[in-house]
Every structure is written in C-alpha cells, then in structure tokens.
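Residue-level listing of the chains:
Protein chains: 4
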Amino acid sequence: MRTGRVEAFSDGVLAILITIMVLELPKPAGADWRALGHDVPVLLGYLLSFVYLGIYWNNHHHMFQAVRRVSGGVLWANLHLLFWLSLVPFITGWMSEEWIAETAHREAVSPVPVAAYGVVLLLAAGAYFLLQRTLIHAEGPRSRLAAAVGRDVKGKASPVLYVLGIGLSYVAPWLGVLVYAVVAAMWLIPDRRVERQVAHREDELQTEEG
Amino acid sequence: MRTGRVEAFSDGVLAILITIMVLELPKPAGADWRALGHDVPVLLGYLLSFVYLGIYWNNHHHMFQAVRRVSGGVLWANLHLLFWLSLVPFITGWMSEEWIAETAHREAVSPVPVAAYGVVLLLAAGAYFLLQRTLIHAEGPRSRLAAAVGRDVKGKASPVLYVLGIGLSYVAPWLGVLVYAVVAAMWLIPDRRVERQVAHREDELQTEEG
Amino acid sequence: MRTGRVEAFSDGVLAILITIMVLELPKPAGADWRALGHDVPVLLGYLLSFVYLGIYWNNHHHMFQAVRRVSGGVLWANLHLLFWLSLVPFITGWMSEEWIAETAHREAVSPVPVAAYGVVLLLAAGAYFLLQRTLIHAEGPRSRLAAAVGRDVKGKASPVLYVLGIGLSYVAPWLGVLVYAVVAAMWLIPDRRVERQVAHREDELQTEEG
Amino acid sequence: MRTGRVEAFSDGVLAILITIMVLELPKPAGADWRALGHDVPVLLGYLLSFVYLGIYWNNHHHMFQAVRRVSGGVLWANLHLLFWLSLVPFITGWMSEEWIAETAHREAVSPVPVAAYGVVLLLAAGAYFLLQRTLIHAEGPRSRLAAAVGRDVKGKASPVLYVLGIGLSYVAPWLGVLVYAVVAAMWLIPDRRVERQVAHREDELQTEEG
Numbered sequence: 136m137r138t139g140r141v142e143a144f145s146d147g148v149l150a151i152l153i154t155i156m157v158l159e160l161p162k163p164a165g166a167d168w169r170a171l172g173h174d175v176p177v178l179l180g181y182l183l184s185f186v187y188l189g190i191y192w193n194n195h196h197h198m199f200q201a202v203r204r205v206s207g208g209v210l211w212a213n214l215h216l217l218f219w220l221s222l223v224p225f226i227t228g229w230m231s232e233e234w235i236a237e238t239a240h241r242e243a244v245s246p247v248p249v250a251a252y253g254v255v256l257l258l259a260a261g262a263y264f265l266l267q268r269t270l271i272h273a274e275g276p277r278s279r280l281a282a283a284v285g286r287d288v289k290g291k292a293s294p295v296l297y298v299l300g301i302g303l304s305y306v307a308p309w310l311g312v313l314v315y316a317v318v319a320a321m322w323l324i325p326d327r328r329v330e331r332q333v334a335h336r337e338d339e340l341q342t343e344e345g
Numbered sequence: 136m137r138t139g140r141v142e143a144f145s146d147g148v149l150a151i152l153i154t155i156m157v158l159e160l161p162k163p164a165g166a167d168w169r170a171l172g173h174d175v176p177v178l179l180g181y182l183l184s185f186v187y188l189g190i191y192w193n194n195h196h197h198m199f200q201a202v203r204r205v206s207g208g209v210l211w212a213n214l215h216l217l218f219w220l221s222l223v224p225f226i227t228g229w230m231s232e233e234w235i236a237e238t239a240h241r242e243a244v245s246p247v248p249v250a251a252y253g254v255v256l257l258l259a260a261g262a263y264f265l266l267q268r269t270l271i272h273a274e275g276p277r278s279r280l281a282a283a284v285g286r287d288v289k290g291k292a293s294p295v296l297y298v299l300g301i302g303l304s305y306v307a308p309w310l311g312v313l314v315y316a317v318v319a320a321m322w323l324i325p326d327r328r329v330e331r332q333v334a335h336r337e338d339e340l341q342t343e344e345g
Numbered sequence: 136m137r138t139g140r141v142e143a144f145s146d147g148v149l150a151i152l153i154t155i156m157v158l159e160l161p162k163p164a165g166a167d168w169r170a171l172g173h174d175v176p177v178l179l180g181y182l183l184s185f186v187y188l189g190i191y192w193n194n195h196h197h198m199f200q201a202v203r204r205v206s207g208g209v210l211w212a213n214l215h216l217l218f219w220l221s222l223v224p225f226i227t228g229w230m231s232e233e234w235i236a237e238t239a240h241r242e243a244v245s246p247v248p249v250a251a252y253g254v255v256l257l258l259a260a261g262a263y264f265l266l267q268r269t270l271i272h273a274e275g276p277r278s279r280l281a282a283a284v285g286r287d288v289k290g291k292a293s294p295v296l297y298v299l300g301i302g303l304s305y306v307a308p309w310l311g312v313l314v315y316a317v318v319a320a321m322w323l324i325p326d327r328r329v330e331r332q333v334a335h336r337e338d339e340l341q342t343e344e345g
Numbered sequence: 136m137r138t139g140r141v142e143a144f145s146d147g148v149l150a151i152l153i154t155i156m157v158l159e160l161p162k163p164a165g166a167d168w169r170a171l172g173h174d175v176p177v178l179l180g181y182l183l184s185f186v187y188l189g190i191y192w193n194n195h196h197h198m199f200q201a202v203r204r205v206s207g208g209v210l211w212a213n214l215h216l217l218f219w220l221s222l223v224p225f226i227t228g229w230m231s232e233e234w235i236a237e238t239a240h241r242e243a244v245s246p247v248p249v250a251a252y253g254v255v256l257l258l259a260a261g262a263y264f265l266l267q268r269t270l271i272h273a274e275g276p277r278s279r280l281a282a283a284v285g286r287d288v289k290g291k292a293s294p295v296l297y298v299l300g301i302g303l304s305y306v307a308p309w310l311g312v313l314v315y316a317v318v319a320a321m322w323l324i325p326d327r328r329v330e331r332q333v334a335h336r337e338d339e340l341q342t343e344e345g
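Protein chains in written order, with the working numbering: chain D, 136 to 345; chain U, 136 to 345; chain H, 136 to 345; chain Y, 136 to 345.
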C-alpha cells in the first residue's frame, strides 16, 4: 500500500483533535477583561496541547516522508498512536476545568489531573516509538528512515522527562506542567539532521524520475 | 468517476466520527484517580467504537485499492454505509451514559442500549456488504476485487455474531459487549489474502505504467 | 487556479457538516426501546439532512469533474454555498428539538421551524444555482459543463417545491417535511446525462494524455 | 518538503474551524419567527467569522500556490497562524452570547468582548504577516511570491483598522463590529494582481513540463 491515504487520514484526525479542543473552552463568565483573565489557565492548557499535537503532526509528517510503503501492521500502529492522541482533548479539559474550579474556590490545585496528562503524553510517546519501530522494521535497518531517526536522543529523553513531570505534579502541579512545557519547547527546535536526510532523498527521487 | 474524491470524503467522515466521540466523554466528577476510575466503562466503550471505526476505515481502504472507477450507485451505497457508521458515536454515548448512571445508582445495567449498539453494528455490516456487492457488480465477477474478497468468511461470520451478542445482552449486558469485542479482535488480525492480491495489482500497475 | 484545493476544502466542510449533526442528537431519556422510540422524529430529521448534504456533495462532485480551472469569483460562490449548507445542522436541530418537545407536551407541532428548514434549503439551492452560473460563465456557453447541466429540470423544480413545502408547513408541519423528502428522493435518482458527459470527457482526457 | 501536506492540514483545520461554529449557535428559545429573530445578532456574528475564515483560507490558498517548498520554520509559522485562527470560534461565541444576554436584559452591550474579537483578528493578521515573511525569506526577494505580494496595501491597512475597531468598541460596540465588517468587505474584492502572477506562473510551469 502507498502512504497517501494513511497520511490523509492521520492529517484529518490530527486536524480535528487540534481544533475541537476550542469547543471545550468555557466561555468567560462575564463581559470584562477580568472574566477573560480567569480563563487564562484554560487557554494556556489549550496552547500546550495545541503545541503537542502540532509536534506530533510535524514529526509524523517528517517520518512518513522517508517511508515508501505501508503494511497492515503499520495501519494499526498508526491507529494506536491516534487513539492515545485522541485522549489529549479529554485530559486537557479535565486538567483545565479542575484547575480553574479549585483556584476559584481557593483550594489547592489537585496533582492527579496534571499527572494523568503526563500519563497520556507518555503513552502517546510509547505509541509513536512503536510506530517508528514498525516502520523501520518494514523499511530495513539500512533504510533512509533508520538513518534519519538515528540515535533519536529527543525520543529517548521525552519519556524520562514525562515520568519526572508526573512525579513533580505531586510536589506542585505547576512544576509538572512546567516539565511538559520544557519537553514541548525541546521538540520545537527543528531537527536539522532529518531535514537534511529528507532533502537528500528528494533530490535522489527527482534524479530517478528525471 | 475516479475513486479519489470518494476515498477523500469517506476518510474525512471516518476521521471526524472516530474523533468527535471524545467530545462526548464525560469529564471525571472529581480530581482524583477514583473519579477517573468511574469513567473506565465509558473509556472502554470509546475504545471499542474507536477500534470498530478503525476496522471500517482499514477495510474500506483495502477494498477501494482494488477498485478502478465508481458510479453513482457506488456513491450512494458508500453514503449509506457512512450513515450507519455515523450513528456509532450516538449509540456509544447512550450505552456508556446509561451504564455509568445505572452502576452509580447500584441498579442492574439495562440490556437495551447494549443490544441497540449491536443493531447499529449489524446495519453497518449490512451496508458494507451492500457496498461490496455494488462494487463487485461494477467491476465484474472475474475482477481482482471479486478475487480479493473471495469467500469472505469474516464478513459472513460477523452478522451472526452480532445477532448472538444482541441476544446475550438480555442474559447479561457485559456478555453482549464481550461478543462485540471478540468480533473486533477477529478483524484486527490482518487479512493476508487481500494484501497479497493488492500487492500483485500494484506490481502490475507499475509494470503497465513503466 | 486548479480545482484540487477547492474540492478538498468543500469535501472537508461537507464531511464535517454531515457528521457533526450526530453530536446534536439528544441521548434517549431512559434505557429502554420506548425511550429510543421517542427519538425517532429526531433521527428521521437527521436522516433527511444527511441525505440532503449527501446530495449536495454528490452534485458538487459531479459538477467540478467538468470544471478545469477556478477563479476568485468561483471561490466565493463556493463559500457562499457552504455558508447556507452550514446552517443545515442548526436548523435541523431546531426543528427536531421543537418537534419532540411539543409532542412530549401533547401540543400541536409548530410550523415555523419546518418552514425555516425549507427556507435554508431554498437559499442553499439558490447558492448552488449561482455557483453553477459562475462556473458556466467562466467555462463558456459551449463548454462540457454547460452541455452537462443542460436544461436542468431538477434544479428548476426544486425551488418551486421548497416554496410549496414552506407553504404546506402552515397547513400541517408533516406535509412540509413530506415535500422536502420527495425533493430529496427526486435527487437520489442518478442523473444519467451528466454521468455520460463526464465519461465522455474522461475518455477524451485520456486520449489527450495518452 | 513539498507543500502538499501543509496545505491539506491547513485546509482541514480551516474547514473544521469554519463549521464547528454552528455547534455553538444557540437554538432559538421558542418555535416562532420572533425566537429566530432574537438569534439574528448571533447569526450575524457567525457570518462575520465565517467570512473572515473564508478570507484566510482564500489568501492562504493563493499564497501557497506561489510556494515551491516548505522548511521546518514554515510549518511552525503556519501552526502559529492556525492557533490564532482557532480562537475565532471561541471569541465569536463569547461576543455573541454576551451580546444577546445583555440586550435580552436591556443592558448596554459591553465593549470588552467586541474589543477582544478585534485583538484576535489583530494577532491572526500578525501571524499571517510572519508566515508571509518566512515564506518570502525562503523563496528569495526576487521570487514570484515576493513579486506577487508586492506592496501589500491591504495587509498593511488591516492591522491599523483592527486597532481602530478595538478603540471604537469603547465608543459603541456596534461601531467596532462595523469596522471589522468593512475590513472583511475590503478583502472580499479579489486581488487581481496576485491572480495574474499565479496565472503567469502556471503557464510557465506548464511550458517547463510540456
């Protein structure tokens, strides 16, 4: 099978996930800037999840550019990843709603929704790793994809940091969120090696086609 | 007509169906793990429907790879399938909400929503069969599609099992759900014969194009 | 501009419209078949709108197959059509909710939401006609599109029937719905002439390309 | 990287944003024309945001037609634009709900949601400008894109008018909305220069390919 329809379906699911979160943003309870200000934690939670889904789309996009064909196993590994990512809006909504409800009642913010957010990130990272393995297995250890992924330092550091964030949520919830934000920032820095590999490959493809 | 836009539209609808279900997941009523635990039946119901829609996307994808052209009749047979699949989020929501409401009130779980879930699966399976027939009719009995579909053991076993699941819902609702889960597991096993046929066809197409 | 991205965007919007209506289906108020039975008018309203949006996607698909290029004017005529179609879920929800609320209170069903549904259908039909005119104007009166559209009997009969349906809503709301259902049924019959024209054109294109 | 998947993802997000707003339209509180009439400010707010998102899709479409390749920086500049546009449904909902709640209670309409709407438009315009700069930087100052964008009078006038609209919201909220509507009308007029450039380029591409 060609990769076209898998990419199109994944794009569709990710585009929907990244946008339906706005449907869950609670309208400010009033018509002044202060009411909007109370929504700031919710908006920041939305921003964090938007960035994470953007990173997954970005990495997914990059990875599939180095893939030629997909098997049935890849389709399911891909759906498995999409399943965990589909829980991002749910867990973001829970974390945000509890956060504003507790601060509105001047209670301490509960660590559990923040830790659960990290658990979903951890499982999504595991699913991405599994998809990458499945693809490399199909393409072969000497494939361009295997070369492009390389040592994958970021991919190995992320789960460790998610576990750290989950733990720190119990010290102070904002610390957990801070760790998740740091991981997101780490991924925002473009991965020059993959881009170089892909550029190479496209040049070769054009040479083959030309 | 080429198959491109039918596939794109179906991908779009299936991508939306598989993701909008998360909008219906009720936020846990509290900020601890126990509150999240109460949502487990809802999350399992979501998982089951996610897998079913994934299977339909997967099979739809496979089937259309063996199709060259579509007629007006195919468009409507396809929309008919999408209609029944579009009821999956609705019926999943009903089943899940009743399930947690009844267990929260320590009542017996009602069989009707579980049976109704099976009825929607049954009607979707019927619509898929109809679409397959329409396509084989158009492609001809000696077409690659007809060969790829073959005896279609799974396709014939599924409706029987759905009826069994509907019946067993009245014995115990969890038995009905178990049967639906078994059918889903049966479909998750990749269908090697179709993949082989498709691989053949792509090779031939490339030979023709080359 | 090529037609690819206009078609993709329209497919996306129509796929979303046709599926988000399920989010508005009210869950049955109870766990038995009777509770589901009370939802039947809502489900029929959903079915009617699903069929209408399916018809628009179908006709849109057919029409753009006979189009080679799009101008800025076409983009806006297309968005204009999508705007009126985007009100279908809104007006369907209003009609359905009032219908079941009024029958639940044993009141007479109000004609206004049914008439308003017809008004949206009428405006969407007008927008489709405008888009068709814009496209024919761009392609020229001797184009394949102009030939394919031809006398367009259905297109001219529909607005007249919508006005009839709007009027009959005031006699009895179910009469109005019946007229809308008849128009939908009329469109479900495949338009052989257009298909023949498109088949012609594809053959020619292939001859040109070959 | 080719532009295909960035365009597809952006189309997906914009198609979802433009349509999910209908889910937020409050159903009329009654079954007569007057009840529908009370929703008119909400429907006009929806129309305004629909037109704005349509304009962004339109301009995005035009701009990427003059682009050959995208880098990692472009992907993030594009996601940044989509983030601000994703807040349009949220801010439209807030503005509309406050507007009808206040007029229902015969209170003065509050300027803050109207001003906040302008702030989101301003930030989206800034993000679009940034994306345009990133693309021109990658394509080079003598590229077709740079030529097509040219002096970009509309792009420079819009932020000034948004600031004017934000200020006038405090004089009278409807004045702010009027300014936003004027900017939208200004963009609806097709930009002949870009279309001409694109037409040129397509002719050249065809000559190259031919």
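Simulated from the structure, these hints should not be mistaken for laboratory data.
Please note: incorrect hints may appear among the correct ones.
[Unchecked claim] Calculated lysine-lysine pairs in the BS3-like style (CA-CA distance at most 30 Å, straight line): (1) Y:162 x H:162; (2) D:162 x U:162; (3) U:162 x Y:291; (4) H:289 x D:162; (5) U:162 x H:291; (6) D:162 x Y:162.
[Stated by the list, open to error] Calculated Cβ distances over 12 Å to all of chain D for the following chain U residues: (7) 157; (8) 189; (9) 235; (10) 238; (11) 244; (12) 250; (13) 254; (14) 258; (15) 262; (16) 264; (17) 286.
[Stated by the list, open to error] Among chain U residues calculated to face chain D with C-beta under 7 Å, some are: (18) 232; (19) 295; (20) 299; (21) 309.
Note that the coordinates shown come from a computational prediction; the quantities given were computed from them, not determined experimentally.
Even for Gly, the Cβ is constructed at its ideal location relative to N, Cα and C.
Evaluated hints:
For the proposed pair residue 162 (chain Y) and residue 162 (chain H), the alpha carbon gap of about 17 Å is at most 30 Å, so the pair holds. Under the criterion of a C-alpha separation no larger than 30 Å, the hint pairing residue 162 (chain D) with residue 162 (chain U) is consistent with the structure, at around 17 Å. Annotation: proposed proximity of residue 162 (chain U) to residue 291 (chain Y) is violated, straight-line Cα distance about 44 Å (limit 30 Å). Taking the CA atoms of residue 289 (chain H) and residue 162 (chain D), the gap is near 44 Å; set against the 30 Å cutoff, the hint is violated.
Taken as a hint, the residue 162 (chain U) and residue 291 (chain H) pair is broken in the structure, with Cα atoms around 49 Å apart against an allowance of 30 Å. Note on residue 162 (chain D) and residue 162 (chain Y): the hinted pairing holds, with a Cα-Cα distance of about 17 Å set against a maximum of 30 Å. Chain D draws residue 157 (chain U) into its interface by the beta-carbon criterion, the shortest separation being 5 Å against a cut-off of 12 Å. For residue 189 (chain U), the shortest C-beta to C-beta distance to chain D comes to about 5 Å, within the 12 Å cut-off, and the non-interface label is violated.
Under the 12 Å C-beta cut-off, the non-interface status given to residue 235 (chain U) relative to chain D holds; the minimum distance is some 15 Å. Every CB of chain D is more than 12 Å from the CB of residue 238 (chain U) (nearest about 20 Å), matching its label as outside the interface. Non-interface status of residue 244 (chain U) relative to chain D is upheld: no Cβ of that chain comes within 12 Å, the nearest being about 23 Å off. Every beta carbon of chain D lies more than 12 Å from that of residue 250 (chain U), the smallest distance being close to 26 Å; the non-interface claim holds.
Under the 12 Å C-beta cut-off, the non-interface status given to residue 254 (chain U) relative to chain D holds; the minimum distance is some 25 Å. With a closest Cβ-Cβ approach of about 23 Å to chain D, residue 258 (chain U) is found to remain outside the 12 Å limit, as its non-interface label requires. Remark: the non-interface label on residue 262 (chain U) is consistent with the geometry, its nearest Cβ contact in chain D lying 20 Å away (cut-off 12 Å). With a least beta-carbon separation of about 21 Å from chain D, residue 264 (chain U) lies farther than 12 Å from that chain, consistent with its non-interface assignment.
Every C-beta of chain D lies more than 12 Å from that of residue 286 (chain U), the closest at about 19 Å, which supports listing it as non-interface. With its C-beta approaching chain D no nearer than about 15 Å, residue 232 (chain U) sits outside the 7 Å limit, and its interface hint is violated. Proximity of residue 295 (chain U) to chain D is violated relative to the hint, the smallest CB-CB distance being about 24 Å (cut-off 7 Å). Restraint check, residue 299 (chain U) versus chain D: the minimum CB separation of about 26 Å is more than 7 Å; hint violated.
The beta carbon of residue 309 (chain U) is not positioned within 7 Å of any beta carbon in chain D (closest approach about 22 Å), and the interface hint is therefore violated.
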